[in-house]
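**Q** Work out the full structure: start from the sequences and follow the hints.
Chains as they are written, first to last, in my numbering: chain C, 1 to 240; chain A, 1 to 296; chain G, 1 to 254.
There's no promise every hint is true.
Claimed, not checked - With a straight-line cut-off of 30 Å between C-alpha atoms, the simulated BS3-like cross-links for lysine-lysine are:
| id | chain 1 | residue 1 | chain 2 | residue 2 |
| --- | --- | --- | --- | --- |
| 1 | A | K86 | G | K147 |
| 2 | G | K112 | G | K83 |
| 3 | G | K147 | A | K199 |
The set of hints was computed from the structure by calculation and includes no laboratory data.
The lines below spell out each chain.
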Amino acid sequence: MIEQGAKFFTAPPPTTDLGLGGIGTVLQGSLVLVATALAFAAPISVLAGAFIAFYPNSFTARLARQLAEVVVEFPTIVIGLSVFGLFIVDLHWGLSALTGAIALAVVMMPYMTIQISEALRVPRAMFEETLYALGMSRLRTMLFVMSAGRRGLLTGLLIGMAKGFGETAALLFTVTTSFNLFFTSFNRPVSAIPVLIYFYGLAPYENWREVAWGAAFVLTVLVLALFSLVRVLARGGMSR
Amino acid sequence: MNAKRAKLEKSYLFFLPGALALTIIVISLFVFLFVNALPAFYYAGKYVPEFLPAIYGTAVVTTVAVLLAIPLSIGLTIFIAELSPKAVRDVLINISDLMAAFPTVVYGLWGLTELGPFLKSTLFAFINRYLGFLPVFSGTPTGVSYLLASMVLAVMISPFASSLIREIYLQVPRSLDEGVYALGLGRWEVVRIRLGFIKRGIAGALALAFGRAVGETVAVAMTVGGVVAINKSLLSPGITIPAYIANLFGEAFSTVDVASFFMLSLILLGIGTAFLAAARLFILSEQREVRTYGKA
Amino acid sequence: MSGHCAFRIERLNVWLDSKHVLNDVSDVIIPRNVVFSIMGPSGSGKSTLLKTLNRLVETYPNARVEGKVLFMGEDIFSMDPVKLRRRVGYVFQQPNPFPHMSIYDNIAYPVKALGLAKSKREIDDIVKDSLMKANLYDEVKDRLHAKASALSGGQQQRLVIARALALRPSVLLMDEPTSMIDVVGARKIEELILQLKKEMTVVVATHTPQMARRISDYVLFLYDGRVVEWGPKEVMLEAPENDLTKMYVAGRFG
Numbered sequence: 001m002i003e004q005g006a007k008f009f010t011a012p013p014p015t016t017d018l019g020l021g022g023i024g025t026v027l028q029g030s031l032v033l034v035a036t037a038l039a040f041a042a043p044i045s046v047l048a049g050a051f052i053a054f055y056p057n058s059f060t061a062r063l064a065r066q067l068a069e070v071v072v073e074f075p076t077i078v079i080g081l082s083v084f085g086l087f088i089v090d091l092h093w094g095l096s097a098l099t100g101a102i103a104l105a106v107v108m109m110p111y112m113t114i115q116i117s118e119a120l121r122v123p124r125a126m127f128e129e130t131l132y133a134l135g136m137s138r139l140r141t142m143l144f145v146m147s148a149g150r151r152g153l154l155t156g157l158l159i160g161m162a163k164g165f166g167e168t169a170a171l172l173f174t175v176t177t178s179f180n181l182f183f184t185s186f187n188r189p190v191s192a193i194p195v196l197i198y199f200y201g202l203a204p205y206e207n208w209r210e211v212a213w214g215a216a217f218v219l220t221v222l223v224l225a226l227f228s229l230v231r232v233l234a235r236g237g238m239s240r
Numbered sequence: 001m002n003a004k005r006a007k008l009e010k011s012y013l014f015f016l017p018g019a020l021a022l023t024i025i026v027i028s029l030f031v032f033l034f035v036n037a038l039p040a041f042y043y044a045g046k047y048v049p050e051f052l053p054a055i056y057g058t059a060v061v062t063t064v065a066v067l068l069a070i071p072l073s074i075g076l077t078i079f080i081a082e083l084s085p086k087a088v089r090d091v092l093i094n095i096s097d098l099m100a101a102f103p104t105v106v107y108g109l110w111g112l113t114e115l116g117p118f119l120k121s122t123l124f125a126f127i128n129r130y131l132g133f134l135p136v137f138s139g140t141p142t143g144v145s146y147l148l149a150s151m152v153l154a155v156m157i158s159p160f161a162s163s164l165i166r167e168i169y170l171q172v173p174r175s176l177d178e179g180v181y182a183l184g185l186g187r188w189e190v191v192r193i194r195l196g197f198i199k200r201g202i203a204g205a206l207a208l209a210f211g212r213a214v215g216e217t218v219a220v221a222m223t224v225g226g227v228v229a230i231n232k233s234l235l236s237p238g239i240t241i242p243a244y245i246a247n248l249f250g251e252a253f254s255t256v257d258v259a260s261f262f263m264l265s266l267i268l269l270g271i272g273t274a275f276l277a278a279a280r281l282f283i284l285s286e287q288r289e290v291r292t293y294g295k296a
Numbered sequence: 001m002s003g004h005c006a007f008r009i010e011r012l013n014v015w016l017d018s019k020h021v022l023n024d025v026s027d028v029i030i031p032r033n034v035v036f037s038i039m040g041p042s043g044s045g046k047s048t049l050l051k052t053l054n055r056l057v058e059t060y061p062n063a064r065v066e067g068k069v070l071f072m073g074e075d076i077f078s079m080d081p082v083k084l085r086r087r088v089g090y091v092f093q094q095p096n097p098f099p100h101m102s103i104y105d106n107i108a109y110p111v112k113a114l115g116l117a118k119s120k121r122e123i124d125d126i127v128k129d130s131l132m133k134a135n136l137y138d139e140v141k142d143r144l145h146a147k148a149s150a151l152s153g154g155q156q157q158r159l160v161i162a163r164a165l166a167l168r169p170s171v172l173l174m175d176e177p178t179s180m181i182d183v184v185g186a187r188k189i190e191e192l193i194l195q196l197k198k199e200m201t202v203v204v205a206t207h208t209p210q211m212a213r214r215i216s217d218y219v220l221f222l223y224d225g226r227v228v229e230w231g232p233k234e235v236m237l238e239a240p241e242n243d244l245t246k247m248y249v250a251g252r253f254g
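**A** Okay, here's the thing in structure tokens:
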């Protein structure tokens with residue numbers, strides 16, 4: 001199904017206007033964005049997910065869960081719009097790698113939180129009582145459960161990452177459309193693979209479209225790799 | 001364990017910040033949206049007509065997409081649940097889940113560069129030739145259109161809808177099946193009766209798919225054509241709400257019309273949420289029905 | 001075909017998931033136009049026996065059946081099971097109409113799907129006829145297109161009976177048809193059974209000797225998958241040979 005331009009682009013050279021370059025800039029950009037977003041989103045998601053799993057009846061947990069479920073269905077462009085509005089306009093930060101990462105983080109968080117809270121339910125049910133009976137404190141118990149459920153946690157994070165790489169709409173306003181820049185520092189704009197695909201795919205130039213396909217191919221491979229990892233984890237995680 | 005004391009425990013405090021952070025972020029998101037949209041409400045009369053093509057486009061594209069998704073998702077469900085042998089089944093389910101989570105840009109790209117041109121010269125030309133007298137199919141087919149966007153969208157939401165339907169389908173009580181067999185009917189009739197039984201669940205799954213589809217930006221933006229107008233033919237290009245926001249926000253940014261875009265976002269949210277809520281109702285009443293079946 | 005009994009069972013053994021559910025059921029003859037009760041405690045294998053008679057047991061994935069069963073002189077295992085089920089109807093313990101369909105459609109659908117009638121006129125007749133035979137017509141004649149789920153339990157069960165009757169079976173198998181129904185509804189169904197035997201053979205599984213006494217002509221006592229004994233009602237219920245039977249009938253267990 002995926003026909004790509006005959007060229008493979010894994011090379012770092014920057015993209016040019018008429019020739020065929022590489023997708024080095026956006027590849028790097030995506031990596032940076034997702035990594036940063038994960039740095040923000042992962043801790044929050046893990047903590048929140050754990051909180052919901054361990055204290056399902058508390059008001060905060062129920063509220064958080066409801067909110068997460070609502071936001072998870074949000075059109076991501078709205079999220080991008082909001083982040084743009086808040087950070088770029090009101091706070092005058094301007095386009096930067098940071099804003100892009102924040103937008104991605106907001107998109108990833110609700111989903112990962114829900115995944116993680118679900119992933120922890122089973123280990124919790126299995127181990128909690130045993131551990132308390134052994135006299136372990138609550139905190140230790142929870143840490144144990146989390147370590148026992150680490151496969152599920154990892155799965156959640158991986159799927160979040162996959163989403164981060166593929167997410168386009170949220171980044172449309174928070175990331176630059178000039179694709180020639182490599183990443184320098186967090187305050188400078190950066191771009192991402194899916195955004196490239198979007199703009200180059202719509203372009204009238206034939207060679208640009210080919211670049212888009214090449215990028216799509218790379219993205220697909222990336223996402224498939226992540227999902228395969230998830231599959232491998234799932235298989236290994238079946239314990240009696 | 002005393003609930004109050006539990007609250008002050010180390011572990012509670014350890015995890016709490018995460019949940020709080022999430023909550024705060026989400027709530028501030030909502031607040032921000034509303035606050036920024038407020039100014040636009042005063043001038044609603046001015047903005048709404050401008051947004052009409054987008055609203056129309058969203059309605060059309062999503063509806064057609066869901067209609068197309070009905071046979072696709074039900075067909076897929078039946079294929080997975082009834083027709084495929086065990087080994088194939090898991091593979092299919094995995095592929096289906098994968099498709100549901102795939103980056104949407106790639107779907108858009110495929111639709112734009114592969115499916116679009118292909119359909120333009122084959123199916124769309126066909127429809128235009130024979131059914132062109134209907135206003136809905138008039139005009140020369142172009143490479144991008146409402147219909148193309150609907151088709152791509154349908155392909156995107158079917159795996160998701162199918163997995164939802166599959167779950168419900170497999171929960172149908174066995175006594176219903178046995179009743180059908182006992183009458184001397186065969187497997188297909190069992191399938192038909194089962195599908196009829198879960199009608200509400202199917203409606204719920206589709207409503208859910210609809211709610212998610214309204215917010216789909218990229219794939220639709222790439223295949224619908226970005227033409228801000230209300231075109232009556234499905235074969236001509238148009239625009240949907242998220243695509244509108246995507247394309248035109250850059251320009252509008254310099255003017256003070258920013259608020260209007262937030263209002264548009266709220267409209268989008270409203271539509272999506274309405275359908276999601278409806279979906280939840282459907283599914284709840286469905287569960288009730290399944291649980292009480294057979295109890296006199 | 002006259003002169004043949006409804007069913008004749010020899011050396012029947014059935015396993016479900018390697019559990020030996022029916023053990024050497026032999027020398028059982030079910031005559032025509034009678035009410036034949038299969039009586040026994042829960043778990044004795046009554047349902048399985050009934051489901052073997054219409055070959056429904058074979059739809060269970062881990063079922064194994066051995067032995068000989070003759071229906072009207074024909075070996076049921078060399079028949080097409082689908083054809084068998086049209087001549088041998090089945091009513092389940094829990095009423096299982098098609099809840100999302102109307103009362104009318106519950107009967108019309110199988111009739112249409114099986115090609116038993118084509119025109120609307122014919123189908124209308126069959127629906128009315130079946131509902132009358134099941135003693136349900138008067139109660140629902142004004143709302144034939146209401147959903148089946150709106151009926152009471154007893155009414156639903158009679159609808160299921162009507163649905164089975166629409167196929168004009170020569171035998172009706174009923175698996176504890178009244179155990180999930182209220183007393184008044186149950187009474188009506190028992191009256192119905194007595195009426196039906198004029199036109200067909202009725203085989204009823206039940207766990208209460210009282211019910212067997214009320215409706216049957218013949219009784220078979222099934223215990224733990226084995227036939228303890230069977231015979232005419234008077235003999236079985238008043239003066240059975242087997243001690244086990246005596247105890248069961250007297251209500252000493254089960």
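**Q** Where does the structure disagree with the numbered hints, that is, which hint numbers, in rising order?
**A** 1
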